[in-house]
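All chains should be modelled from the sequences, with the hints used to inform the complete structure.
Here's the letter readout for the chains.
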Amino acid sequence: MASNILNYSLADFHYNDNPDVLSPPDDFNEWINNPVVKKVFSFFEQELLDAPRVSTEILSNLDGQKRHIINLTSYNYLGLSTHPEVIQAAVEAVQKYGLSSSGAPLLSGTLDIHTELARKIAEFKQKEDCLLYSSGFGGNVGAIQGIMRKGDYLVMDEKCHRSLVDGGTLSGAKMLFFAHNDMDSLQMMLEKCKGKRVLVVVEGVYSMDGDLAKMPEICEICEQYGAGIYIDEAHSTLMFGKNGRGVAEHFDVEDKVGITFGTMSKSFGGVGGFVCANKPLIKYLKGYSSPWNFSCAPSPAVSGGLIKALEVATRDSSLRDKMWENTKYMKKNLLDMKLDLGDTESQVIPIIIGASGEKLMTYAGEMQKKGLFLQPVDFPAVPAHARRFRMSVSSQLTQEEMDTTLTIIKDVIVKGQQS
Amino acid sequence: MTKEKIIEVISKNIIENLDDLENETIDPKKSMKDYGANSLDMIEVVSCSMRELNIKVPRAELADIEDIEQLADKFMEHAEA
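Chains C and E, in that order, are what the protein sequence lines are.
For the first sequence, the positions run 1 to 419 when this note's numbering is used.
For the second sequence, the positions run 1 to 81 when this note's numbering is used.
Rather than coming from a laboratory, the hints here were simulated on the basis of the structure.
Every residue gets a Cβ at the ideal spot worked out from N, C-alpha and C, and that includes glycine.
Among the hints, a few may not be true.
[What the hints assert, rightly or not] Among the chain E residues that face chain C by a calculated CB cut under 8 Å, a handful are:
hint	residue
1	23
2	39
3	59
[Claimed, not checked] Lysine to aspartate or glutamate pairs mimicking EDC-like chemistry, simulated, CA-CA at most 20 Å apart:
hint	chain 1	residue 1	chain 2	residue 2
4	C	159	E	64
5	E	56	E	67
6	C	359	E	61
7	C	192	E	24
8	C	192	E	22
9	C	196	E	19
10	C	194	E	20
11	C	194	C	166
12	C	194	E	34
13	C	194	E	19
14	C	150	E	16
15	E	56	C	26
16	E	33	C	116
17	C	174	E	34
18	C	370	C	358
19	C	150	E	19
20	C	159	E	41
21	C	174	E	67
22	C	150	E	24
23	C	38	C	20
24	C	96	C	116
25	E	56	C	30
Rendered as structure tokens:
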């Protein structure tokens, strides 16, 4: 392994044949403790020493220095996690209810603020009912696992999030993946499961590429085959559509989408997930969706804060207008530098570097030392030929921060790609 | 190790891991996708085959492989190394 150690990745050590069940595979230890690999991993789990705002402080794993940075990695798209009104609401909730819901929602964990938040989210999404999950990952796993059964078919875009794939695996349904946003491929997969119970699963905004599901075409094809639609709007809720309801609203197809999922940890600035659908289905899920049924209900502080976050984000469009203004500015300037941004149409902007993991890590280190926190995204999270940085544009960015960011990117990535 | 042996192992694992292939002959010029494999199935077939052949090829080197024969060629390189 020593000669090509950098070609290995986390994709290569899933199988474990170590006779000691309490140990990782031997070759994993050899790999992860190699100095070069260690350096790559030093980019992960770096501690933020302040709130995940655009302007924050990091304890750098690269050199052990505390450093003030512009943070374009956190998902705090609308800055709601530190919005004063949201914090105030969270403080009031924690003072009244304490830190924990202290029970599963079905038994004793449901508080009045959970019911209020679920009702308000359902109204916002214009669906009959809503189920709240303590984790976004758990929400996708739980909804898919709760609805689908052995003998059913899940037809998923190949770029769907791990939580959706894991939910599919757990459900026992047969999973077919169609080529990303490719309507011929979708149709081919639907041909294979004619006459079965079929759920088509897509994402509003794809998290590694920032492009949108082709909802009008997807809805038309699904209608033709009688397939249900599940859309994960984790990266699009509160940002897309006239009222911020997401990509389904943006394309005016909300009535054709049976199930809409969202996360509370991105634009909402909290943590958790939600699933909105018709009342009977939500009632059914309460009996069969294990991550809901067997998890403690969301923390009161988070739920109290989220009620306010929803209000702040929807009482007018000022936050998302600012986020879009910033996105437009960043995108224009990055394109002027001739950087490869893939097919992004959203606030998620990939900067695709290519096949070289070494370049990716070198740029990441240099940028961080100049004061820009942009996490490298490496294989297997993205294809090996398209390693990248993923920029999350936030409404919090000031003009000065955007210009500093662009200067650093020019000095490091543009210069590096030309040499 | 011969290429024929490698193709035999890969073919066996395709048949074992995918539905409805019991009586099929696997054509090395085809892709696993042609036999109905999704990306998770492909990972499983590749893992089982590598274990059986006692070789280890980084996944990152498998990205551009288009058919079963190319996979066998890649395995050969590592078997000989």
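Hints and how they fare:
1. 23: 19 Å, violated
2. 39: 6 Å, holds
3. 59: 4 Å, holds
4. C:159 / E:64: 17 Å, holds
5. E:56 / E:67: 19 Å, holds
6. C:359 / E:61: 18 Å, holds
7. C:192 / E:24: 18 Å, holds
8. C:192 / E:22: Within the cut-off at roughly 19 Å; holds.
9. C:196 / E:19: 16 Å, holds
10. C:194 / E:20: Within the cut-off at roughly 17 Å; holds.
11. C:194 / C:166: At roughly 24 Å apart (the allowed maximum being 20 Å), residue 166 of chain C and residue 194 of chain C break the hint.
12. C:194 / E:34: 18 Å, holds
13. C:194 / E:19: Measuring from Cα to Cα gives roughly 17 Å; hence the hint holds.
14. C:150 / E:16: 19 Å, holds
15. E:56 / C:26: Distance ~13 Å between residue 56 of chain E and residue 26 of chain C Cα, so the pair holds.
16. E:33 / C:116: 47 Å, violated
17. C:174 / E:34: With a Cα-Cα distance of about 16 Å, the restraint between residue 174 of chain C and residue 34 of chain E holds, given a limit of 20 Å.
18. C:370 / C:358: Holds, at roughly 19 Å.
19. C:150 / E:19: 14 Å, holds
20. C:159 / E:41: 16 Å, holds
21. C:174 / E:67: 23 Å, violated
22. C:150 / E:24: 24 Å, violated
23. C:38 / C:20: 24 Å, violated
24. C:96 / C:116: At roughly 16 Å apart (the allowed maximum being 20 Å), residue 116 of chain C and residue 96 of chain C satisfy the hint.
25. E:56 / C:30: Satisfied, since the Cα-Cα distance of roughly 14 Å is no more than 20 Å.
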